[in-house]
Amino acid sequence: MELALEGITKRFGSLVANDGIDLVVAPGEVHCLLGENGAGKSTLMNVIYGLYRPDAGRILVDGRPLELTGPGDAMAAGIGMVHQHFMLVPVFTVAENVVLGHEPTKGPKGVGLLDLAGARRRVRELSDRYGLAVDPDALIEDLPVGVQQRVEILKALVRDAKVLILDEPTAVLTPQETDELIAIMRQLTAAGTSIVFITHKLREVRAIADRITVIRRGKVVGSADPSAPENELAALMVGRSVSLGVTKAPPKTGEVTVRVRDLVVRDHAGTRVVDGVDLDIARGEVLAVAGVQGNGQTELTEAIVGLQDAVTGSIRLGETELVGLRTREVLDAGVGFVPEDRTHDGLVGTFSIEENLVLDRHRAAPFAKGPALDRTALRANATQLIGDFDVRASGPEVAAGTLSGGNQQKVVLARELSRPLQLFIASQPTRGLDVGSIEFVHRRIVAERDAGTPVLIVSTELDEVLALADRIAVMYRGRVVGVVPADRHENLRDVLGLMMAGVPEAEAVAQAAAYPSEVEAAAADAGDDPVVTT
Amino acid sequence: MSTSAPAQPTAPAAAAAPVERSSARPVWVMAAFAALALLLFGGFGPAGSSTFALSGGGAAVSLPDLPLPGRPSGWVIGLACVALVVVVELARRAGRPAPRWAVPLFAALWVVGFLVWVVAGQRISLVGLLGGGLVLAVPLVFGALSGVVSERAGVVNIAIEGQLLAGAFLSAVVASATDSAWLGLLAAPLAGALVGLLLAIFAIRYLVDQIIVGVVLNVLVLGLTNYLFSTVLSADRSLNSPPGLGPVAIPLLSNIPVLGPVLFNQSVIVYLMYVAVAVVHVALFRTRWGLRVRAVGEHPRAADTVGINVNRTRFVNVLIAGALAGLGGAMLTLGASLAFGQNMSAGKGYIALAAMIFGRYSPKGALAAALLFGLATNLQDILSSISTPVPSQFLLMAPYLATVLAVAGLVGRVRAPAADGQPYVKQ
Ligand SMILES: Nc1ncnc2c1ncn2[C@@H]1O[C@H](COP(=O)(O)OP(=O)(O)O)[C@@H](O)[C@H]1O
Ligand SMILES: [Mg+2]
Numbered sequence: 001m002e003l004a005l006e007g008i009t010k011r012f013g014s015l016v017a018n019d020g021i022d023l024v025v026a027p028g029e030v031h032c033l034l035g036e037n038g039a040g041k042s043t044l045m046n047v048i049y050g051l052y053r054p055d056a057g058r059i060l061v062d063g064r065p066l067e068l069t070g071p072g073d074a075m076a077a078g079i080g081m082v083h084q085h086f087m088l089v090p091v092f093t094v095a096e097n098v099v100l101g102h103e104p105t106k107g108p109k110g111v112g113l114l115d116l117a118g119a120r121r122r123v124r125e126l127s128d129r130y131g132l133a134v135d136p137d138a139l140i141e142d143l144p145v146g147v148q149q150r151v152e153i154l155k156a157l158v159r160d161a162k163v164l165i166l167d168e169p170t171a172v173l174t175p176q177e178t179d180e181l182i183a184i185m186r187q188l189t190a191a192g193t194s195i196v197f198i199t200h201k202l203r204e205v206r207a208i209a210d211r212i213t214v215i216r217r218g219k220v221v222g223s224a225d226p227s228a229p230e231n232e233l234a235a236l237m238v239g240r241s242v243s244l245g246v247t248k249a250p251p252k253t254g255e256v257t258v259r260v261r262d263l264v265v266r267d268h269a270g271t272r273v274v275d276g277v278d279l280d281i282a283r284g285e286v287l288a289v290a291g292v293q294g295n296g297q298t299e300l301t302e303a304i305v306g307l308q309d310a311v312t313g314s315i316r317l318g319e320t321e322l323v324g325l326r327t328r329e330v331l332d333a334g335v336g337f338v339p340e341d342r343t344h345d346g347l348v349g350t351f352s353i354e355e356n357l358v359l360d361r362h363r364a365a366p367f368a369k370g371p372a373l374d375r376t377a378l379r380a381n382a383t384q385l386i387g388d389f390d391v392r393a394s395g396p397e398v399a400a401g402t403l404s405g406g407n408q409q410k411v412v413l414a415r416e417l418s419r420p421l422q423l424f425i426a427s428q429p430t431r432g433l434d435v436g437s438i439e440f441v442h443r444r445i446v447a448e449r450d451a452g453t454p455v456l457i458v459s460t461e462l463d464e465v466l467a468l469a470d471r472i473a474v475m476y477r478g479r480v481v482g483v484v485p486a487d488r489h490e491n492l493r494d495v496l497g498l499m500m501a502g503v504p505e506a507e508a509v510a511q512a513a514a515y516p517s518e519v520e521a522a523a524a525d526a527g528d529d530p531v532v533t534t
Numbered sequence: 001m002s003t004s005a006p007a008q009p010t011a012p013a014a015a016a017a018p019v020e021r022s023s024a025r026p027v028w029v030m031a032a033f034a035a036l037a038l039l040l041f042g043g044f045g046p047a048g049s050s051t052f053a054l055s056g057g058g059a060a061v062s063l064p065d066l067p068l069p070g071r072p073s074g075w076v077i078g079l080a081c082v083a084l085v086v087v088v089e090l091a092r093r094a095g096r097p098a099p100r101w102a103v104p105l106f107a108a109l110w111v112v113g114f115l116v117w118v119v120a121g122q123r124i125s126l127v128g129l130l131g132g133g134l135v136l137a138v139p140l141v142f143g144a145l146s147g148v149v150s151e152r153a154g155v156v157n158i159a160i161e162g163q164l165l166a167g168a169f170l171s172a173v174v175a176s177a178t179d180s181a182w183l184g185l186l187a188a189p190l191a192g193a194l195v196g197l198l199l200a201i202f203a204i205r206y207l208v209d210q211i212i213v214g215v216v217l218n219v220l221v222l223g224l225t226n227y228l229f230s231t232v233l234s235a236d237r238s239l240n241s242p243p244g245l246g247p248v249a250i251p252l253l254s255n256i257p258v259l260g261p262v263l264f265n266q267s268v269i270v271y272l273m274y275v276a277v278a279v280v281h282v283a284l285f286r287t288r289w290g291l292r293v294r295a296v297g298e299h300p301r302a303a304d305t306v307g308i309n310v311n312r313t314r315f316v317n318v319l320i321a322g323a324l325a326g327l328g329g330a331m332l333t334l335g336a337s338l339a340f341g342q343n344m345s346a347g348k349g350y351i352a353l354a355a356m357i358f359g360r361y362s363p364k365g366a367l368a369a370a371l372l373f374g375l376a377t378n379l380q381d382i383l384s385s386i387s388t389p390v391p392s393q394f395l396l397m398a399p400y401l402a403t404v405l406a407v408a409g410l411v412g413r414v415r416a417p418a419a420d421g422q423p424y425v426k427q
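Protein chains in written order, with the UniProt record's numbering: chain A, 1 to 534; chain B, 1 to 427.
Don't read these hints as lab results, they were simulated from the structure. Please note: incorrect hints may appear among the correct ones.
[What the hints assert, rightly or not] Footprint (simulated), chain A over chain B, 3 or more residues, beta carbon under 8 Å:
no., region
1, 277 to 290
2, 371 to 378
[Said to hold, decoys possible] Within a straight-line C-alpha distance of at most 30 Å, the following computed BS3-like cross-link-like pairs (lysine-lysine) qualify:
no., chain 1, residue 1, chain 2, residue 2
3, B, K364, A, K109
4, B, K364, A, K219
5, B, K426, A, K162
Glycine included, each C-beta is placed from N, C-alpha and C at the ideal position.
If we strip away everything but chain B, and leave its shape as in the complex, we get (with noise of 0.2 Å):
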């Protein structure tokens, strides 16, 4: 055996591969949408102007009406995207990575020119039309973050409907029961965190299929508040008039023009979103707890090695997925000021579930996407009260579409965690 260890040649440095290009498809698919807005927007955009109220919604300063000429807004916002695309495609072309801005602010003007298109020279409330999409994206955020807790850590939650159904009911007789919407908000998340914890035993404990688990509990809410609705619920209604939390006016931030009334004059729920999303990020991406979830949901079997307990930690993850979903459920009663009814999720936890996937599995991405399909929801329902060319079936579909578009041409795939949705078997 020889003792001294020769110095090793080293290996060549790599021979210097080829400038791999990125892939040309999102540049097709922007290409796309620039043709379309050049298209619809520009060549057959309204005749007259479609006006944005800007004020409204209790705005300290009042501004005037923006008026945006129909057709001539068209063009412009059509060869500004066509303008985009060049830049992105000449970074392409010199192997550079597109400036940031880039597909952000194309994204921004296409809606733009999207809005200026459907109003169709009528008026609109712009705050009416941001505030309202934003308090209708409040359970879905809420949904999709609790998706992206559990998801991360390796379980799937179908639950979400579930959750925030039950939320709902639970905050709204709580609510009614003491008279006090504080502590009918604090029994939403107590509510989904109960759904959570069946879905935790079942899935963790008992290994059963975690989908088919998810949809059992969805159903199993929806009949029990169904069958409490109609009977102890309408026998007695004292214990379906909750109080509301109604929007609350931040002082400063609310008098920002636009923008103050949209964020900053709602309900405290919609402020705990705010943080909610803000916690859930830093918590996942920037704590030990966070790194630990992520192990466990890419890797378990690498996470247990290190001496990770990765089923107590997908115990308590589906626990706070449960509990985020069940406090989104309470915007649907206490937030909206509304009594229980049937079925009141109506399909939000699966439309939060999307938001979630289109979202990345990111809390900042979910916050997003779910925000555009509140917009989209909003849209349609404002629309639907004036008269616009555009049938409403196409408006309810066009932001899925769009994000379906935008997900497959500019995200590329979206990686679940490599685990999500695999029990983990301990040896």
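Next comes chain A alone, as it looks inside the complex (with noise of 0.2 Å):
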């Protein structure tokens, strides 16, 4: 089936996030969707499947427009999509999930006694016909998440989808993961079925797509073949030509100041989340933590700061020990912690810029006069730090909620890096953010490390990790699996992919030496490297 899309226009208040769109998915193309954050991919989606409506122009299926009241309509018409944030209900088996609004019964009519072993059984059915390898009677929350993506994918499968939406898979797997599911998408298009695959990652673009569409600021700016150069790609979609962000001297690696032994945390249910991990991070070294999401990097870092309650073993910073001290204290002893989730946990967005600027400090001198804030003081301050780092907004008494993702980021970063540190952590420090926001606090972030401090970063990016580590260590399931220089192995992004998966290094090594990553194989094949890590 062919859908085409023409003129969508979308607007959220005064913000256009699609803006006249016109696209066509030929029947069995993977057609590739290539955009930063927020230029609108998602939104456009959402108009596909009916969730949002749009404020102009038409969907047409094989040339018929196609009248959408919601994703029941887009379903029936064949249309499947794999959210961005999955929607799957995590108490929920995989076969109640897969045919959740779509269910078999039996016995009496209008009784609507579930059919779960016939649910069971299509699954089975699916799952084997394109080698997916689910078990129908899995507990959604007990499963990873490259498994639950396979279980959106099972859902679009069992309603016949004939166009299926990825919203950026990828961002959740490892490169190894991301080869099984170019390998699935394979056997989709081959039995006939479109891929609208959207993504903001360059390198993968070549070893998937049959067609690229980039938009930017919710306008197709161009079309091409996945043959096209990747800096040619990568200037179409940031608007401007982009060289890679960080270029950093070698480490000058000090003392050993930061000290972690047999830390482990618990979660309310008792499991160890953080299970036994050692590192040592040294004075002007970053120490990167890669991994996949939710294998104990944010329990690790929470556990420092101590935001975490079931923590036991040793973390020193310099003589001090850090576990059973209160996050205040830990502050004081020196450590910036710039959290995962900045618009929950990195900022108050009801308060003003300046306000947030010194939620850590505000008790002292010199912005406490008495009981009472010294509203000159904190007006100077954030002069002072709104243009060292660069954020846009209208004045410093602008509420923090209101600023974009990459502004709100910079604010975060001027807070914790304006004061002394004796460590430095951030967590997915460029999480959602533009490309030029990213250049910018990674440059912060190596700033801070050539000024001798010891810097923790945890990201689940690989490039991320690439481009800040000196070091890096890999966690699986609580554990560290190794730690690895960042200059030890030519291949080392699948050698990480692995470990990403519980491979030991030495056998990480010799794995990704036989069976080289596609998308690897793919970006060595166009001769470039990338240009853009986002």
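Please dock the two separately framed chains into a single complex, following the hints provided.
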């Protein structure tokens, strides 16, 4: 089936998220939609899937206009979608999730008794046909994200989707899992399904796409063949020619001042989410923790800053033991922390920028005047930092919640980096940022390293890890699989990808040599290095 | 681009995770209860025998009394409890789940021990105790079911209290006016559903905080019924003298010793309750409707993306929930053959809410918790008429205390539906 969009426009208030978009998805093709964060890709897909109503434009299926009142209509028309944030009920089984909204029933008419046996059979059948290896009886909350994603694909398949939309499907996968996904996609297209594949990662596009459409700020700015050079695509996507951000000097590593020993963190159910972690960080180096989301990285950083309750083991910062200290005391010991969710944990959205900039220091001089705040000092501080960190806002009194993601992150960074630090921790420092902001954030982090601060980065994006790290610790199921210096292996990306699935370093090196990943191979074929690491 | 997909080396089977032993907390709670049993029921057990009359309530077969010697039964039960603790702990050490019967048996033994202790050498009728407890539990069961139906769909139903009261009021008035208890019984769910409708409109349509709407509705119904009671109903007393729906013995079943008169010689509303629990259970867990309702309560956006109308589902469920609680209200008037009285629900709606939570948002659990609460209330009523050394305030408190401890220790964290109380706004 052929899907065509004509002049789709979608506004959120004054923001035009999609601006007259035309797009044709041919039968059986993989159509890549490439664009930066915030370009409007998800919005467009939600329009096709009937979740948003377009303000203008129409959708054509095989030349006939399609009226959508909701996702039900889209599914009936053969459109399936795997959302960027999965739409699965965590306490349901795979089979229940797959058939939800489309349930086979048995027994007397009108009663609607669920035919779960039938649902299970159907899941097993489709799972076997496309090699998905999904157990219909598993609970979603027990499954790794890679498998959850395949459940989402099953949801579309069970409804006979002819067009499958995958919204940033690789964001949560290891490189090897990405290869598996590509294999699945090949099987689907071979069976006649078309796929709309959304991404902001250039390096994947070449391995996957039959056709590429680039959108920027809600508009289609061009289309290309997969053979187009990467820097051309990058320039289209970002709107200016980009040269990759961080150029960093080799680290001037000093003494080790951060020592984590046998750190165990338990969640509320008593499970060891961090399970005996040992780490050292030296002055002047960036240690990056890589791993698929949910393998204990978040809890590790939160344990260091005192945000986790059930922590045993030791975290020494110089002579100070951090385990058991309250967060306030940890911060006073010289730890700077950029949490992974800036809008929830990094800022108070309704407070002004200048207030957010002193959240950690408002109690003491120069910002406190007796029990009151010294507004003049706050303003001076804000004006200074807004300049230094290039925060784009109409003024220091603007509520932080109204800023764009990149500018919010700059405010958090400005606050955390504006006092002398003994340890700087940043979790997912550039998630959801545009290329310009990513460059800026990365440069500030490297500058902090060069000033001699030990830096701990947690990132699920391998590109980011590779761009920043001097050494890389890979976490899997709460443990550190291995710590790898950034210059040890030629095919570091493949090695790390395998380690992210729990394979020890030595074995990973052997496997990576035997089976180089496809995306890597495609990038190497093209003969140019990735220009943008986003 | 390479064309053949190379066979991927499979990731190693997850390094065999160490046998994750379940938490020791349930065992500690059980041990504490067992120790309490030994100490209170054994050590401080009554000297004489506590006697339980087994017949009565019109049972066909007349049975002899069952005398249980106070202190010796206390010791036996206490030791049996200790044995069960050992069984559970051994299973835990071996990394196996405890036998399914262990905890229920423990609870049953403990309740028997408790009864022997509090009856303290007196004589009470077991049939009266259980049957009366069941009657008192009926509004709680309906209320808790109402909560289950509403909250499983993601709407917090604080208005159960008001729905019970409205059901009690309208059923009494309609039954009196038409001189038909059956028409009264029909009116009760309508009254409850009407309160549910208001809740649905404000909470779902206008996104007012669900807890606040619920509380306001409770106050509204209380005020309205008080007003009507002191004006209309006291002016014309014939409007508040409903015919009752007294006990109806079910042939054969009601002849079973002890259980017959307890379960099968009751008002038709009690039989409706059996049906309601079974129907809600099956509907929620076995049907398409139930799967959708639970999806809406857990992850409404996911439900929306597969074409389920979230807010319509919620709306319908809140109406059904109101009707169920309204039916429970009829038990207070018609089922007990009583006229309507001011504030007749007297907080039962809130107890029902507690029963729903202790029952982990499941119909069966809610039934069990409500029965326990009803039984406890009845026990306290009965004991206040015989002389027992245990202070009555303690008796009133005991079941709730025990439930809280049991839930905290044995059931573990009660997980509410993930989207419970959160309005769903489409983009
Ligand atoms: N529901 C919404 N309400 C208001 N603004 C939105 C909403 N969804 C997306 N946006 C805005 O629309 C723009 C495009 O977002 P999105 O489609 O998610 O981008 P992409 O998926 O390409 O990263 C962004 O500026 C985003 O902030
Ligand atoms: Mg998106």
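Exercise for review: Assess, step by step, whether the Cα of K364 of chain B is no farther than 30 Å from the Cα of K109 of chain A, and give holds or violated.
Suggested key: Given pair K364 of chain B, K109 of chain A holds - Cα atoms ~26 Å apart, limit 30 Å.
**Study point:** Proximity test - 8 Å, beta-carbon atoms, the region 371 to 378 of chain B to chain A, at least three hits
**Key:** violated (count 0)
**Study point:** Assertion that chain A covers the region 277 to 290 of chain B - criterion: three or more residues, beta-carbon distance below 8 Å
**Key:** holds (count 5)
Check your understanding: Are the Cα atoms of K426 of chain B and K162 of chain A separated by 30 Å or less?
Key -> It holds: about 26 Å lies between the C-alpha atoms, which stays within 30 Å.
Check your understanding: Given the proposed pairing of K364 of chain B with K219 of chain A, does the C-alpha separation stay at or below 30 Å?
Key -> violated (55 Å)
In this structure, the hints that do not hold are numbers 2, 4, in rising order.
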